[in-house]
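Asks: Residue numbers (UniProt numbering), protein chains in the order written: chain S, 1 to 242; chain W, 1 to 242.
Derived from the structure by calculation, the hints contain no laboratory data. Wrong hints could be hidden among the right ones.
A pair holds if it fits inside one copy or across any two, identical chains being indistinguishable in the list.
The calculated lysine to aspartate or glutamate pairs, modelled on DMTMM-like cross-linking and capped at a C-alpha distance of 25 Å, are [said to hold, decoys possible]: (1) K29 x E118; (2) K80 x E46; (3) K82 x E212; (4) K224 x E19; (5) K203 x E110; (6) K183 x D200; (7) K80 x D30; (8) K121 x E204; (9) K187 x E123; (10) K76 x D30.
There are 2 protein chains.
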Amino acid sequence: MSHSIRIKLSPERISSLQELQTLTHTSFKDISLLHLAFVHRSFANEDSDRYLSDNERLEFLGDSVLGILAAEYLYKSLPKGKEGILAKLKSKMVSAPAIAKLSRHYLFPEFLLLGKGEKEKGEVNLNLQADCFEAFLGALYLDQGLNSCRIFLTPHFQKMEKAIENAEETKDYKTILQEFCQKKWKKLPEYVLLKEEGPDHEKEFLVSVSCEQYFQTSGDGKNKRRAEQMAAKAALQFLKLL
Amino acid sequence: MSHSIRIKLSPERISSLQELQTLTHTSFKDISLLHLAFVHRSFANEDSDRYLSDNERLEFLGDSVLGILAAEYLYKSLPKGKEGILAKLKSKMVSAPAIAKLSRHYLFPEFLLLGKGEKEKGEVNLNLQADCFEAFLGALYLDQGLNSCRIFLTPHFQKMEKAIENAEETKDYKTILQEFCQKKWKKLPEYVLLKEEGPDHEKEFLVSVSCEQYFQTSGDGKNKRRAEQMAAKAALQFLKLL
Chain S
1 MSHSIRIKLS PERISSLQEL QTLTHTSFKD ISLLHLAFVH RSFANEDSDR
51 YLSDNERLEF LGDSVLGILA AEYLYKSLPK GKEGILAKLK SKMVSAPAIA
101 KLSRHYLFPE FLLLGKGEKE KGEVNLNLQA DCFEAFLGAL YLDQGLNSCR
151 IFLTPHFQKM EKAIENAEET KDYKTILQEF CQKKWKKLPE YVLLKEEGPD
201 HEKEFLVSVS CEQYFQTSGD GKNKRRAEQM AAKAALQFLK LL
Chain W
1 MSHSIRIKLS PERISSLQEL QTLTHTSFKD ISLLHLAFVH RSFANEDSDR
51 YLSDNERLEF LGDSVLGILA AEYLYKSLPK GKEGILAKLK SKMVSAPAIA
101 KLSRHYLFPE FLLLGKGEKE KGEVNLNLQA DCFEAFLGAL YLDQGLNSCR
151 IFLTPHFQKM EKAIENAEET KDYKTILQEF CQKKWKKLPE YVLLKEEGPD
201 HEKEFLVSVS CEQYFQTSGD GKNKRRAEQM AAKAALQFLK LL
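With these hints in hand, go ahead and build the complete structure from the sequences.
Replies: In structure tokens:
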């Protein structure tokens, strides 16, 4: 079945789409699919042939492409992860803010064709950013198959997973400690940076945390957040809460 | 990366799994994946090594496999379908009742290993039926890739799409006509079967619909529902509502 869309593209648009392929390290067999992924409904509405010419169908497909690749990535990367953990991580990795960030990384909003009304609003909103990323994935899937999409997404999933892990860890220990101190002593724990040393790419931070005279523990890490997190963890252990 | 799970299966289980492959027209390279797809948490809980040995992770993966194949099927089968229509059809095609029906079609519930408590409840509930179907898809995807899953699912998607279309059509015209008659004349339309002829595989039905003296129209179809639907459509056309 051919998915080719009979559209005559202007030389400017073709050159734009070539730039887009360079940015994404892709090479489309059918460039009209790539074009379509960046046609917003508001632009297509100014056209007569609406239903063949906006990116919503590709976005519908791309959403599922993103879903299976995120699920597969987590299934393989966390061989002992429980289903609940995988589902929670997946929902963060495919969330609109996470996807919109990738969209901006590739400058996708700049290639999106918008109608006059939408253009006048100024900046492309987060949902539109995320939508055209999904539409791009849908186009890549149709043009080149699942493995090309996998190659394209995997490095991003790796970064996301790391970022989420870091955020989770930090949030968890610090939040637990803060809630405990507030409840027990009506005080907040205080973090102090004790030391910061080493060259830029290999910095080591040492942080202490205390709450009045009740406890004082410390922790280290390759950034301040991580060191605070380790200090909070030590405090929780000291307080027999871990 | 290997997904093989080191499990020693009993000769009875192996023979069961062979039956399952015959029923599904599949042939697994790694039979322990197929086994795992049919291990419910309640059964694994009676084991010590819970997290390597139930089907929830495979179900997590299989859910996305189902998602992308349903999306792709609809994208290609309805080249002019709007995103809203595709999304609506997809949600019906991947719904628990629809998937549980497929699960029963392949007798999956009979192969599911349940814990004692779950077994005592008697019949395997609809969600468990659907879950093991998704887990099976996850296992098939890991063992044989997306295309095997596509080949497995496509004929089912075709049937589902037809069934949904029929149900939708019937519901639409008949419901519209009924609501109109109730509102305008405080009466319900009446359907009468006028004729039923032809051999079993090629039956033709003729149905009339009327509401007091206001109108009488008829419609035919290869089953009674379809004929009623066509009669209602004719009535709506007669009443200038279509």
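Asks: Now look at each hint and say whether the structure bears it out.
Replies: Taking the hints in turn, this is what the structure says about them:
Taking the shortest Cα distances, K29 and E118 never come within 25 Å of each other, neither inside one copy (30 Å) nor across copies (52 Å). In the homo-oligomer, the alpha carbons of K80 and E46 lie at most 25 Å apart only across protomers (18 Å), although the nearest pairing inside one protomer, at 51 Å, exceeds that limit. Proximity of K82 and E212 under a CA criterion of 25 Å is satisfied in neither setting, with 39 Å inside one chain copy and 63 Å between copies. For the identical chains of this complex, K224 and E19 are neighbours neither inside a copy (39 Å) nor across copies (58 Å), given an alpha-carbon limit of 25 Å.
Taking the closest pair of Cα atoms, K203 and E110 never come within 25 Å of each other, the shortest separation being 36 Å inside a single copy and 58 Å across copies. Proximity of K183 to D200 under the C-alpha cut-off of 25 Å is found in neither arrangement, the shortest distances being 39 Å within a copy and 76 Å between copies. Taking the shortest Cα distances, K80 and D30 sit within 25 Å of each other only across copies (19 Å), while inside one copy they are farther apart (40 Å). In the homo-oligomer, the alpha carbons of K121 and E204 never lie at most 25 Å apart, since the shortest distance is 45 Å inside one protomer and 57 Å across protomers.
Neither within a single protomer nor between protomers do K187 and E123 lie at most 25 Å apart by alpha-carbon distance, with minima of 43 Å and 55 Å respectively. For a Cα distance limit of 25 Å, the shortest separation of K76 from D30 across copies, 16 Å, qualifies, whereas the shortest one inside one copy, 32 Å, does not.
When held up to the earlier numbered hints, the structure conflicts with 1, 3, 4, 5, 6, 8 and 9 and fits the remainder.
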